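Required output: the full structure, derived from the provided sequences and hints.
Sequential numbering from 1 applies to the sequence shown in our numbering.
These aren't lab readings, by the way, just hints derived from the structure by calculation. Possibly wrong hints are sitting among the right ones.
Said to hold, decoys possible - Capping the alpha-carbon separation at 25 angstroms, the derived lysine-lysine pairs in PhoX-like fashion look like this:
| no. | residue 1 | residue 2 |
| --- | --- | --- |
| 1 | K39 | K97 |
| 2 | K120 | K39 |
| 3 | K120 | K97 |
| 4 | K130 | K39 |
| 5 | K97 | K130 |
| 6 | K130 | K120 |
Given the structure is predicted, the values throughout are model-derived calculations rather than measurements.
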Amino acid sequence: MNTATLNTVSTVPAPHSARPISSALHRACLAARTIADNKGRDILVLDLRPCTPLFDYFIIATGASRRQIHTLAEETDAALRAEGDTRIGIEGYEASKWIVQDYGDIMIHVFDPDTRDYYKLEELWADAIKVDWENED
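This is the structure in structure tokens:
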């Protein structure tokens with residue numbers, strides 16, 4: 001009995017979305033650094049893994065104006081897309097007092113100063129571990 005074996009070699013590259021994305025910690029720190037590069041203030045990265053199963057990291061920052069808050073959201077999204085990540089959702093962009101971006105395992109919160117002081121997320125999640133994002137990775 002004669003049998004034939006066909007071996008094929010694919011030369012088509014995998015689609016961009018198939019590329020594995022970086023760890024949640026790396027991407028959270030990248031988002032924080034991007035915010036810092038764009039003059040965001042009071043940046044915190046909170047490790048919420050011990051506190052909730054819903055997400056791994058919160059990035060919390062303050063922007064000085066509506067325009068800056070928009071820039072911080074847009075630039076962090078661009079940086080994370082370059083890492084292969086995809087934003088699942090965004091809320092608050094029109095009002096621009098609090099923009100939250102959802103990437104599944106990380107959440108980025110950019111506030112104006114009054115709204116951040118009102119909601120005090122860092123106090124709500126006081127049990128979370130603060131990440132030294134400037135020295136991570």
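Comparing the hints with the structure gives:
1. K39 <-> K97: holds (17 angstroms)
2. K120 <-> K39: holds (21 angstroms)
3. K120 <-> K97: holds (14 angstroms)
4. K130 <-> K39: holds (20 angstroms)
5. K97 <-> K130: Since the Cα atoms of K97 and K130 sit roughly 24 angstroms apart, the hinted pair holds (cutoff 25 angstroms).
6. K130 <-> K120: holds (15 angstroms)
Of the numbered hints listed earlier, not one is contradicted by the structure.
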